[in-house]
Amino acid sequence: NAGVTQTPKFQVLKTGQSMTLQCAQDMNHNSMYWYRQDPGMGLRLIYYSASEGTTDKGEVPNGYNVSRLNKREFSLRLESAAPSQTSVYFCASNPRGQGGNIQYFGAGTRLSVL
Amino acid sequence: TQLLEQSPQFLSIQEGENLTVYCNSSSVFSSLQWYRQEPGEGPVLLVTVVTGGEVKKLKRLTFQFGDARKDSSLHITAAQPGDTGLYLCAGAGSGGYNKLIFGAGTRLAVHP
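Those sequence lines, one after another, are chains H and Y.
For the first sequence, this note's numbering assigns the number 1 to the initial residue and increments by one for each residue that follows.
For the second sequence, this note's numbering assigns the number 1 to the initial residue and increments by one for each residue that follows.
Calculated directly from the structure, the hints in this document are not laboratory data.
Treat the hints with caution; some may be incorrect.
As the list claims (entries may be wrong) - According to the in silico footprint, chain H covers these stretches of chain Y (three or more CB under 8 Å from chain H):
1) 37–50
2) 99–108
What the hints assert, rightly or not - DEER-style ranges, computed between Cβ atoms:
3) Y:30 x H:82: 31 to 39 Å
4) H:71 x Y:28: 28 to 36 Å
5) H:7 x Y:30: 27 to 35 Å
6) Y:53 x H:15: 46 to 54 Å
7) Y:60 x H:65: 43 to 51 Å
8) H:56 x Y:67: 29 to 37 Å
9) H:16 x Y:62: 43 to 51 Å
10) H:18 x Y:62: 45 to 53 Å
11) H:40 x Y:15: 25 to 33 Å
12) H:67 x Y:50: 32 to 40 Å
For clarity, every value in this text was computed on a predicted model and none was experimentally measured.
The beta-carbon is built from N, C-alpha and C at its ideal position, and this holds for glycine as well.
With the hints as constraints, model all of the structure from the sequences given.
Here is the structure:
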């Protein structure tokens with residue numbers, strides 16, 4: 001029972017390089033989310049997808065793009081990485097687009113931008 | 001902008017002690033969730049509270065939602081080393097689609 005799977009688990013980039021973080025869920029959930037977690041700042045929402053075919057900006061979208069490839073997959077792309085994007089990135093999913101429901105998280109991608 | 005403030009930020013205690021973690025806001029939330037996160041893992045839901053004044057118990061953990069639905073607390077009785085981790089509160093924001101507003105977290109260390 002995989003739940004939410006994120007790849008890669010670790011990545012080191014040089015400033016200006018691009019990369020895509022992958023996320024897939026096998027729970028048939030409608031909504032998916034990308035967060036970043038920085039020390040002392042909790043989890044901040046980057047982008048979310050309420051349902052297949054839709055994406056919307058969260059609290060900190062600058063420097064990122066997303067693609068909801070299908071119901072299972074939601075990817076996060078950094079076009080030109082900057083040191084300020086060094087963080088731990090979490091993908092999450094939620095079964096319905098209703099407030100108050102559980103979010104299921106992946107194990108995270110630890111990204112360092114040098 | 002809805003914000004959630006957690007306190008304390010760090011807590012280091014001995015096994016068997018009691019502790020309380022607080023989560024406060026000036027905004028009203030439709031529900032509030034508590035997650036626990038272990039090193040190298042994503043957060044895992046502990047509980048959701050929905051009704052003002054609601055109290056929920058999960059073994060030695062007691063969660064309370066404030067009457068005005070602006071604050072919450074987590075009380076652990078007789079803490080054990082297995083309780084060590086990062087505790088996050090999260091409020092269901094006004095934007096719908098289960099967009100959660102997270103507190104910065106309380107990092108708890110319980111020493112044998």
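(request) Look at the Cβ atoms of residue 71 of chain H and residue 28 of chain Y and judge whether their distance stays inside 28 to 36 Å. (result) holds (33 Å)
(request) Look at the Cβ atoms of residue 40 of chain H and residue 15 of chain Y and judge whether their distance stays inside 25 to 33 Å. (result) With Cβ atoms ~27 Å apart, the hint holds.
(request) State, for the Cβ atoms of residue 30 of chain Y and residue 82 of chain H, whether the hinted interval 31 to 39 Å holds or is violated. (result) holds (35 Å)
(request) Mind checking the hinted window 43 to 51 Å against the Cβ distance between residue 60 of chain Y and residue 65 of chain H? (result) holds (44 Å)
(request) Indicate whether the distance between the beta carbons of residue 67 of chain H and residue 50 of chain Y respects the range 32 to 40 Å. (result) Hint holds: Cβ distance 34 Å, inside 32 to 40 Å.
(message) Can you tell me if the stretch 37–50 of chain Y counts as covered by chain H, using C-beta to C-beta distances under 8 Å and a minimum of three residues?
(response) Satisfied; 8 residues make the cut.
(request) Using the Cβ atoms, figure out if residue 16 of chain H sits within 43 to 51 Å of residue 62 of chain Y. (result) The hint (43 to 51 Å, Cβ to Cβ) holds, given that residue 16 of chain H and residue 62 of chain Y are roughly 50 Å apart.
(request) Indicate whether the distance between the beta carbons of residue 7 of chain H and residue 30 of chain Y respects the range 27 to 35 Å. (result) holds (34 Å)
(message) Is the listed coverage of the stretch 99–108 of chain Y by chain H valid when you require three or more residues with a beta carbon under 8 Å from a beta carbon of that chain?
(response) holds (count 6)
(request) Starting from the hint 45 to 53 Å, judge whether the C-beta atoms of residue 18 of chain H and residue 62 of chain Y obey it. (result) holds (47 Å)
(message) A range of 29 to 37 Å was offered for this pair. Does it hold for the Cβ distance of residue 56 of chain H and residue 67 of chain Y?
(response) holds (33 Å)
(message) Quick check: does the Cβ-Cβ distance between residue 53 of chain Y and residue 15 of chain H fall within 46 to 54 Å?
(response) holds (51 Å)
Hint violations for this structure: none, all hints satisfied.
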